[in-house]
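**Student:** First to last, the sequence lines map onto chains V and H. Under the working numbering, the first residue of the first sequence carries the number 1, and numbering increases by one thereafter. Under the working numbering, the first residue of the second sequence carries the number 1, and numbering increases by one thereafter.
Check each hint, because a few of them may be wrong.
[Claimed, not checked] 25 Å max Cα-Cα, derived DSS-like pairs, lysine-lysine:
id, chain 1, residue 1, chain 2, residue 2
1, H, Lys95, V, Lys51
2, V, Lys88, V, Lys101
3, H, Lys79, H, Lys95
4, V, Lys108, V, Lys93
5, V, Lys111, H, Lys133
6, H, Lys12, V, Lys115
7, V, Lys80, V, Lys108
8, H, Lys12, V, Lys101
9, H, Lys133, V, Lys51
10, V, Lys99, H, Lys7
11, H, Lys92, V, Lys104
Hints were generated in silico from the structure; no laboratory data involved. Since this is a predicted model, take the numbers as computed values, not measurements.
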Amino acid sequence: MNISSNPFVKLINKPGFSSFAQNTMWAVGTETVLKAIARPTFTLMDKKADKDVRKFSATKEFIYQITCLSLFLAILNPYKRISFNMGKKLFNKDPGFMKFKNYKAFSKISKDEQKNNYPLIKGFIELNSIAASVVSLTILAPKVAHLGVHHILKAIGLEKNTKTQKTNPNQSSLINIDNVFQKYKKLKNSI
Amino acid sequence: MLKDKLKTICIKMADNKPIVAVAAIATFKAIMRPLYSLANKDEPKKTRHYAALRDFCTEAIAIPSYILMSKGAEIFAEKLTIAPTIAENISKKQKISNVKDCLQFIAIGGTATFIIPYLCNLILPHAMNLLKKHQDKQQNNTPQVKKLDTLIGNDLKINNNSLDKNNLNNPVSTKYNLWKQSMIPSNSRMRIGG
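Modelling step: build the complete structure from the supplied sequences, incorporating the hints.
**Tutor:** Here's what the structure looks like:
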C-alpha cells in the first residue's frame, strides 16, 4: 500500500501544516476550541448525574472555555508586537533584531526562514507567547469567567437568583426543637 | 550570563513543539484553578474543597495524558514521512521533525477532545466519593452530632418521658435545652430526623 496517496499522510507532510502546528496561537487555540465542544458534550452524556446539574455544568464549562479563548486571542497578537520590541531592547546587538524594524516586517517572511535564519527572534517570540498564554488562561480567564459566568447562567435561567442571607447570631440554630420533640414522640410510640 | 542562558533557551524554542505550550498551561492550571476555588469565599468550605480537588484532578489527568499521547504519536513519524521534494529544500531529518510536530498537534487535539473527558468521567467520581466519605466522617465525628447520638440513645431507655420542654425535671428536655444553647454553627444545615 502506497502511504503517500493517503490524505492524512499528505496532510501531515505539508509544510504549511507543520508551521501551523508549531505556532503557539494555533496549538493552544485549537485545543481550547476542542475542549469547549468536547467537555460539555461529555458532561451532558454522563447519565449518572442529574439532568439539571449536567446542563448547568456543561453550560458553565462552555462559557469558561469561550472566555479563555476570547481572552487568549485578544492578548496574544498585540503581545507578540510588544515582545518583539522587548527582544530588540534586550538583544540590541543581535543582527537579526537590527535587520527588522518591527514585528510586522518580521512576520512577512516565511515560517521556515524565520526558524532557520532568525532562531533567536522566533524563539523569543514563542517563549513570550507561551508566557502570555499561561497568564491569560490561568490567571486572567478564571477571574473574568467568575465575574461573568453566574450572570450569564442566571440570564438563561440555569441558575436561581439566590442571595445569601446573613444569619443573625442571636437567633436560635436552624434546628427546630419542636419538630425534634414531635419526631421523638412518634419514635417512642412506635417502640 | 543570564542573558546568554535566555539566548540559548530562545534559540531552542525556535523549533517549538506544540506540547510545550499545552503542558505549561496545564501545569499552571493545576496550581491556579484549585487556588482560585479555595479562595472563593462565596461558597461554603466543603464545596470549595470539593471544587479544588476536582480542578486539580482534572489537570493532573490532563498533563500525563498530553505527554504520553504526543510521545506515542511521534513513534509513527518516520513511517509516515514522505521523502522531501527538491522544491521543499529541507533535509529528511527536518521533514521527520516537521511530521512529528504535526502528529503531536493531532494527538493533543484528540487527547483534549476524547481522552481527557473520558478519563475524568472514569476517575473523578471515585476521587470525589473518597473526599465525600472523608468529609462525612469528619462531620459525623463532631461533638454536636456525637452528643445527639448519645442523647437519643440514652433517652430511648428512659421510661417516664413527658415531652414538656419546659419541665426542667425531665432529663430529655433539660438535655435538649442545654444542647440548644451549645455552639452549633448557624449555617451547619444539620437536620435531625430528616
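**Student:** Would you mind marking each hint as holding or not holding in the structure?
**Tutor:** Evaluated hints:
no.	hint	verdict
1	H:Lys95 <-> V:Lys51	violated, 49 Å
2	V:Lys88 <-> V:Lys101	holds, 9 Å
3	H:Lys79 <-> H:Lys95	holds, 12 Å
4	V:Lys108 <-> V:Lys93	holds, 22 Å
5	V:Lys111 <-> H:Lys133	violated, 54 Å
6	H:Lys12 <-> V:Lys115	holds, 10 Å
7	V:Lys80 <-> V:Lys108	holds, 14 Å
8	H:Lys12 <-> V:Lys101	holds, 24 Å
9	H:Lys133 <-> V:Lys51	holds, 24 Å
10	V:Lys99 <-> H:Lys7	holds, 18 Å
11	H:Lys92 <-> V:Lys104	violated, 31 Å
Checked against the numbered hints given earlier, the structure breaks hints 1, 5, 11 and satisfies all the rest.
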